[in-house]
Amino acid sequence: YAASETTTDETAAPRRKGVTWINIDGVGDIEKLGELSRLFGIHPLAMEDVVNVHQHAKLEFFGDTFFFVARMPSGADGFNTEQVSLFLIDGVVITIQERPGDCLEPVRYRIANKLGRIRRRRSDYLAYAIIDAIVDGYFPLLDQYSEKLDEAGTLLENGGDRSLPLHLHNIRSDLLLIRKVVNQHRVALNEILRDEAEIVGPDTALYFRDCQDHIQQLMEAADTDRETCGELRELYFAMLGEKNNDVMKVLTIIATIFIPMSFVAGIYGMNFDSDASMLNMPELHWAFGYPFALALMATMAGGLLAFLYRKGWLA
Amino acid sequence: YAASETTTDETAAPRRKGVTWINIDGVGDIEKLGELSRLFGIHPLAMEDVVNVHQHAKLEFFGDTFFFVARMPSGADGFNTEQVSLFLIDGVVITIQERPGDCLEPVRYRIANKLGRIRRRRSDYLAYAIIDAIVDGYFPLLDQYSEKLDEAGTLLENGGDRSLPLHLHNIRSDLLLIRKVVNQHRVALNEILRDEAEIVGPDTALYFRDCQDHIQQLMEAADTDRETCGELRELYFAMLGEKNNDVMKVLTIIATIFIPMSFVAGIYGMNFDSDASMLNMPELHWAFGYPFALALMATMAGGLLAFLYRKGWLA
Amino acid sequence: YAASETTTDETAAPRRKGVTWINIDGVGDIEKLGELSRLFGIHPLAMEDVVNVHQHAKLEFFGDTFFFVARMPSGADGFNTEQVSLFLIDGVVITIQERPGDCLEPVRYRIANKLGRIRRRRSDYLAYAIIDAIVDGYFPLLDQYSEKLDEAGTLLENGGDRSLPLHLHNIRSDLLLIRKVVNQHRVALNEILRDEAEIVGPDTALYFRDCQDHIQQLMEAADTDRETCGELRELYFAMLGEKNNDVMKVLTIIATIFIPMSFVAGIYGMNFDSDASMLNMPELHWAFGYPFALALMATMAGGLLAFLYRKGWLA
Amino acid sequence: YAASETTTDETAAPRRKGVTWINIDGVGDIEKLGELSRLFGIHPLAMEDVVNVHQHAKLEFFGDTFFFVARMPSGADGFNTEQVSLFLIDGVVITIQERPGDCLEPVRYRIANKLGRIRRRRSDYLAYAIIDAIVDGYFPLLDQYSEKLDEAGTLLENGGDRSLPLHLHNIRSDLLLIRKVVNQHRVALNEILRDEAEIVGPDTALYFRDCQDHIQQLMEAADTDRETCGELRELYFAMLGEKNNDVMKVLTIIATIFIPMSFVAGIYGMNFDSDASMLNMPELHWAFGYPFALALMATMAGGLLAFLYRKGWLA
Amino acid sequence: YAASETTTDETAAPRRKGVTWINIDGVGDIEKLGELSRLFGIHPLAMEDVVNVHQHAKLEFFGDTFFFVARMPSGADGFNTEQVSLFLIDGVVITIQERPGDCLEPVRYRIANKLGRIRRRRSDYLAYAIIDAIVDGYFPLLDQYSEKLDEAGTLLENGGDRSLPLHLHNIRSDLLLIRKVVNQHRVALNEILRDEAEIVGPDTALYFRDCQDHIQQLMEAADTDRETCGELRELYFAMLGEKNNDVMKVLTIIATIFIPMSFVAGIYGMNFDSDASMLNMPELHWAFGYPFALALMATMAGGLLAFLYRKGWLA
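Protein chains in written order, with my numbering: chain A, 1 to 315; chain B, 316 to 630; chain C, 631 to 945; chain D, 946 to 1260; chain E, 1261 to 1575.
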């Protein structure tokens, strides 16, 4: 558990107050969190939400305290999220995350290097920058899924695989989940924009609208990928249909050629008594009976092969 | 039938009137309802709607009386709703529900514990809080359906089941129904927002807009789940297609191998008279006739097996 | 043909003019219609539209005359509509319908019983009430189709029926048609809302917006039902797929078991001359040749049955 | 090539200028068009577009000249369009079309008969009326496609046809094309509404919005028809599936009944030497051997028929 | 690497400043770019983006510098894009592209020939004209894909091809990518419209809105084409289904006719001892036994052919 304090005290811009960012990794040290809570007068209910890390992304106001719960994508494999609690109290931004390591490095970098607008503006802008960085953290996640879909596409081109539909289904479920979580942020940001007069200044509200734009892009990307899932499944169906067609063609070709020939063989396997009458299977006693039978079979097979060839099924 | 009166008389905030909430469980005691009706001057038509518990969610105005009919999800299994009638008359909020037990506990808790804004605001805010709690009651219901879909997904991963399409269809029909009911609330809330000048104050209107947001989320969640239904059905189709392909492959392999061999057996089962000519089935009298025939069959079978193996059908 | 005049002359509200509603059933009596036309100065082109009852729902203005053509659902079976022409001239509302019997009874009832706002407002409100009642007349119609879909669903649960896809297609075509007609009303109402300054007062415009809401609901309900059609068709496809799979399984089981056994029978049906050599079918002369052959067949059948059982195809 | 000049000089309405409509059929006579161009100071680039009749529908402004290119549906069969170029210069409306015969007759009729608002308003209204008439010309075209779809539906009810999917695809492609062309008009009209201050008066802008409404309807109708295409294709698939099921059932019934019987025949066609042992096919020498074999076959066939009947496959 | 400077110094319009356009092909000459950067005070971060040519389309503001990254379609085959960086600094427009050859020729032509509004307006209009030209460069690209789809349609009409689903999938993936890139431009343009007060004048903002319109059209066209992809795939499925049906019909016809006949042959191939009893295969010794058997077979075949004919499977 590490409490890193990043303080940015900008006094160059005259009419702006200094901005402090306190960033805490880990929610296990209840005592320290309690101390923090007392120091900044954070509502106990909010602290409960901080510690219980299974909150939806949401915005809450406790008096003048702006409390934003964000879900940050985390973990290398699959879709997992980590809760980031953000408080904006009297020009101080406090963020509490579950584990060290996050997608806020660009924000820290911009602060440290005095890049962009981040040091010229008030604490609500810093809150925006952090939330925006978290939201932007979903872009590489979605890229991962796009890549998985590309791989699935390549797999399909090489003939596909029976586990593919399930694999696609799992990707799609994850995308649906990502979309849901991202949408929670959208709803929470909507609330920020609605109450903009209170805590977030109108200037910063514009930036939050920008963040909404990114969320919109994320949701569209997720939708696009989900559509691609469906597309790949259709491709899989097309291949399955072709495979079925192939199997059936082989069966039909074999059956179509041999069943009539077997029938002829069956005919001349009958035991009718040639002695009883001239009509009873005189072929059996012809000198050329056997060659005749074989020729008959060959003719039938040839005719049927020609028919199948004309149908284009022998290619 | 129980009439519980929860009174919240907030006098701390100077310019706000006291707020009273009367909550009635059960609509069977016509007499008591009549008394209530007389006491608050509720229009008889509204009381009819209260007793006849098959109303759509809707909003009606009877003079200054604001009458909202909500449908609250109820029952542990499947999708059932219970009618909650809400009156807002002169700062008094009256709710009448079919059965005891509801999703309004969070509201009562917040009133009892003086949490949040609920005790600082007027009766229209209480009406909002109740309607919002009812709307939020659909979230766990939808979670149930999401869970059912997860189960169906797991079932599919393990091979699926023939009753699955019907099961998915039923889930989807319920989701459609939920969406319809939730949408009725949306339309009714739209009407509240339109007539906001009259009964609901502009401050509270903002909260109703928030409630609309939740309904939007509910509808999106229902749509998402319905989409997942379709997705699972597609997965089922993919598996069915594979199963069909498997069945057909087995048939084809068996037929492809044995039909030609049977044909050879049929040939040498023919009864051509070898005495009639040298051409008539001399093979039958060869010393190695039978081994030759068996070898011919084995060669054919081997060739066809190699062909099938190359097609990848033997795996 | 019956001309019923329902007059509602409200003088209690001081700043409101009296409102008259003239309702005519049937458009066959050209003379009476002409008289009416002359009396109220209705434009001949409008009268043409009244008599030619195949108009789209639309709104037209002839000077100060507001002329609305609505299509009212009529007939017990399937989807038919009847044209209702509504004029709003100088505070007089004239409606002309094709046949007696309509969905305007609630309006008449409310007028007769002085319920709601209908008698307190101007003629444009009456026009709204009539149009709204016509629009609301589509709700029971859609309920009929929902019911038909429920029946189709039950039919499917019980195994389905080959005429089902066509039946679903017909339902869906009707729903599409209903949607189209309802949408015509939406477009016409849009025109009312656009020209609201002229004839319809801003108060009543609000109600027309409410009517738009209902149309929106109708269209959503129709869309929902159409979606259910598609859903049922998919369910039907799933069942068809299972049926195909069943048929093919039976074929495969029978063929897989008997074709190899027949092959063995074929082998020992060959006529190789055992006298020619020891190699030629010595089995035929073994003491246990026949039992051996039968046992061979039984073993093959048993093995294949075990294989099929392991595939789960025998259940 | 015919140049018909329809002049409508309305002086009754005092504050309105006279309006002139010049209508030219054919774009072959370069000289006359050049003369026209000089007379009204039309930009050479615009004249190029007039002569090169493969323009998209679009709006352009050359100084004060309003230049609208519309595509008018033309030809009896399938979807073809003809370019109509419309200039609005100083109160003069000039339309140039490729061939005589168009969908502007209603406009001419209304001018000639002084109906509606067309003669009471300025030249921009005339431009609107012409554009609106062209847009409305797509309605009968779409009706044609609806009819074709109805025919396709009837064909399907009667068993369908193998060329149907292609036919539906072609209809759908045409509908997509119509939608695209209509959408070009929508975009061009959007531009008119945006620049409304300049050339089109605010009054007329309202009418252009009405025209947008019609385009919206057209696009919805085209979408509806395209959806019906998809619907019919699904119906076709359902029928194809049933057909496949039928074919497979016949195959299965025949195979299921005859393969086991043939196997029995195969058994008693074996040549085991009854002299070698008592165990070798004693049945062959039983007095009732043959009837027994036939009875065995009949029993098997009967049992399988009963099984198939119970499956419901014999109906 | 070629640096072409196109200067347009318009002094005719009095209240407008002169506009300069500097166009640089190639980003390899770091030194020259550095010089440019120093000359116009371009932020180093922006120059990084210029050189690293894998940026998304985006808009950034560095102080008063407007920095737009566009992706221009390039290359003759398939979908590739080239980065175009556009700076708008103090009335100077700088564009830097990867390779010579672009879709900006119409802009240059209009400047050189003093056509349209381009020389009468400020530098922000030039920026608009360039961005608009880049966006419009996607239209021919989409036309290419439409053409490919037309070809695929023609291929399908002529029987289709097994590689078609994959081909359609690839087209659709490209279309999805194009849509994504185009959408990035839409988002960036949204930002321009939002910050319109700062750098882009309100007049030009109108034109950017027009550009948005084009992007909207592009996205709709891409969606339309993707829909056509789906449509063609469905057509392919329909044909595959028909093909499967054909294959199965041939199999069924052959099997249905020959299996029963073979069974009869099998019967009379049995070796029951006629000497043992009168009941044992007396047919074998009938004078007309063989003709009778053949007639029986012919009758069966004829009956089954009639049955198949009645089913319509022989056509």
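In short, the hints are calculated from the structure, not lab data. Watch out, some of these pointers could steer you wrong.
List time: in silico SDA-like cross-link candidates among lysine to any residue, alpha-carbon distance up to 25 Å [said to hold, decoys possible]:
(1) 1093/D / 857/C
(2) 311/A / 1503/E
(3) 1188/D / 876/C
(4) 1318/E / 209/A
(5) 1408/E / 1256/D
(6) 311/A / 237/A
(7) 1408/E / 1161/D
(8) 941/C / 922/C
(9) 873/C / 479/B
(10) 1503/E / 294/A
(11) 1256/D / 535/B
(12) 58/A / 560/B
(13) 58/A / 424/B
(14) 778/C / 560/B
(15) 373/B / 860/C
(16) 1503/E / 304/A
(17) 558/B / 307/A
(18) 148/A / 1437/E
(19) 1503/E / 1115/D
(20) 688/C / 1108/D
(21) 558/B / 806/C
(22) 873/C / 424/B
(23) 873/C / 794/C
(24) 243/A / 1437/E
(25) 495/B / 883/C
(26) 1408/E / 209/A
(27) 810/C / 1108/D
(28) 1093/D / 681/C
(29) 1503/E / 58/A
(30) 495/B / 793/C
Have a look at the derived ranges for each label pair, beta carbon to beta carbon [unchecked claim]:
(31) 675/C / 1084/D: 16 to 22 Å
(32) 29/A / 531/B: 35 to 41 Å
(33) 524/B / 833/C: 19 to 25 Å
(34) 1286/E / 997/D: 32 to 38 Å
(35) 557/B / 29/A: 28 to 34 Å
(36) 158/A / 594/B: 31 to 37 Å
(37) 1001/D / 557/B: 35 to 41 Å
(38) 287/A / 792/C: 53 to 59 Å
(39) 524/B / 675/C: 44 to 50 Å
(40) 990/D / 492/B: 56 to 62 Å
Here a beta-carbon is modelled for each residue, glycine too, at the ideal position from N, C-alpha and C.
task: Any hints from earlier that this structure breaks? Give me their numbers in increasing order, please.
output: 5, 7, 8, 10, 11, 12, 14, 15, 17, 20, 21, 22, 24, 25, 26, 27, 28, 29, 30, 35, 36 and 37
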